[in-house]
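*Asks:* Residue numbers (the working numbering), protein chains in the order written: chain A, 252 to 292; chain B, 15 to 447.
It is possible that part of the hints are untrue.
[Claimed, not checked] What follows is a list of derived Cβ distance ranges for each label pair:
#: 1; chain 1: A; residue 1: ASP266; chain 2: B; residue 2: PRO34; range: 54 to 62 Å
#: 2; chain 1: A; residue 1: ASP266; chain 2: B; residue 2: GLU26; range: 40 to 48 Å
#: 3; chain 1: A; residue 1: ASN280; chain 2: B; residue 2: LEU226; range: 46 to 54 Å
#: 4; chain 1: A; residue 1: ASN280; chain 2: B; residue 2: PRO63; range: 47 to 55 Å
#: 5; chain 1: A; residue 1: ASN280; chain 2: B; residue 2: PRO34; range: 34 to 42 Å
#: 6; chain 1: A; residue 1: THR292; chain 2: B; residue 2: GLN301; range: 13 to 21 Å
[As the list claims (entries may be wrong)] Listed next, the in silico PhoX-like pairs over lysine-lysine satisfying Cα-Cα at most 25 Å (straight line):
#: 7; chain 1: B; residue 1: LYS391; chain 2: A; residue 2: LYS277
#: 8; chain 1: B; residue 1: LYS395; chain 2: A; residue 2: LYS271
#: 9; chain 1: B; residue 1: LYS410; chain 2: A; residue 2: LYS277
#: 10; chain 1: B; residue 1: LYS410; chain 2: A; residue 2: LYS256
#: 11; chain 1: B; residue 1: LYS327; chain 2: A; residue 2: LYS256
#: 12; chain 1: B; residue 1: LYS254; chain 2: B; residue 2: LYS327
#: 13; chain 1: B; residue 1: LYS381; chain 2: B; residue 2: LYS311
Simulated from the structure, these hints should not be mistaken for lab results. All C-beta atoms, glycine included, are put in the ideal place defined by N, C-alpha and C.
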Amino acid sequence: MILKKLLPSPPWSPDSTRLKITVTDKLRNQSLTQSAQFSIT
Amino acid sequence: MQTDEEREQFIEQFWMRRDPTPDTQENEYKEEHYRRIAYANERFASGIPGWKTDRGMIYITFGPADEIESHPSGGTYERPYEEGGGTTSTYPFEKWRYRYLQGVGNQQDIQIEFVDKTMTGEYRMTMDPSEKDALLMVPGAGLTMMEQMGMASKNDRFSRTDGTRLGTGTQPLPARMNQFDRLQQYADLQKAPKIKFKDLEAQVNSRIMFNLLPMQARADFFPATSTTVLTNITLRFGRKDLQFKQEQGMSKAVVNIYARITTQTRRVANVFEEVVTVDVPTELLQQASQGMSIFQKSIPLPPGMYRLNVVAKDIVGGNMNNYEMALNVPRMEDDKLFASSLILADVLEDVPTRSIGTGQFVIGTSKVRPRMGDSFKRAEKMGIYMKLYNFEPEEKSNKASGTIAYEIVRTADNSKVIEFSEEITALEALPPR
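Bound conformation, chain A alone (with noise of 0.2 Å):
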């Protein structure tokens, strides 16, 4: 599978801030996370 994602203009304030996704596979019962750090200026 491929994640790709345009995530729009942050409705937030300029920040230090951190994405965390977490994927689940039902089936498997497996879930995994993988995250970054990223600032808006």
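Dock chain B against chain A, hints included.
*Replies:* Here is chain B on its own, set in the frame of chain A:
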């Protein structure tokens, strides 16, 4: 060592440490080692493989002897004076001489005897020169000169305290037959050789850098198979740090890049060289110099730990940089849910069919340019790109089932800014591997 990867790494390090020329692809030490094993198997096998025999061990460890005295059938033997003199009959035996062996006994004129007492072709190393005497246990046979003249008794051979059963000779034993020296030599011949840490020696160097060319680097990993991972290396230069030269209304900057990826044992896994050029109309130079120049290279690598060294040189200004970073290329297991690197992109778009899988920043059918520095302006859209592997398909529909939960948290106070989720059926399927 718990995993095959660790074991493979140990073996690689083992040979690298012994390579007399670590800069070349060939490892002469390893080649010579395997040649000796092949020779030992061919010449010394006797019910057990040649490399397991005593002669095989000595040959593999120390190489060919300078001189070999061979008695393949045994038979009549005139004893030298240090063995008591006289005549006897022997089992098959070989006496190997090395002029010099570092770390063995007194290091010079090393003599090693191998005796085939069982007549099976398996020669055993011995430190007793009387071991080869086939008449040792036969009363009245194979006597020394002194024993023949009645000045000594053969029975005395069995009460010696020096570890031999030599008969009494006309002269005392030479110094090199000293029992402690023989024992020391016997032990030295069987101990493991010392390791020379050539790779550690290579670490002792100095590096003086001046006129640095600022550069940022990042690496993202996309498994192609369980044994190959596409490693995207992205480099960024600030245009304000580059020197431009003017030519016919255009300003041009040139950066030469040399990059080398090495394993932990310093074996070169990949090398690439690129020339990055930045062309800007001279009248727009001031404005353009606020921006960044980004370069990307995709390298297939097996999973494991690597070191990336990048040297970049601004050809116009002469400034250089030597950047080093670790590459921890992940291993994907086929039966576990797995994800590639998560990329925050400032360009995320589909590419035309003719450009699929080619060019910088292209991953499959998409152009994904990572935002170096991970800083976005409020007016910008932020692209998210990640590949997900090994979803279990349902038996009937052959479709995977699962969810993706997104969460954006403000770092300062951990407060949630955005939170939503979607079914994975909304995602694009990976092409079949």
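*Asks:* Check each numbered hint from earlier against the structure, then list the numbers of those it violates in ascending order.
*Replies:* Result: hints 5, 7, 10, 11 break, sorted rising.
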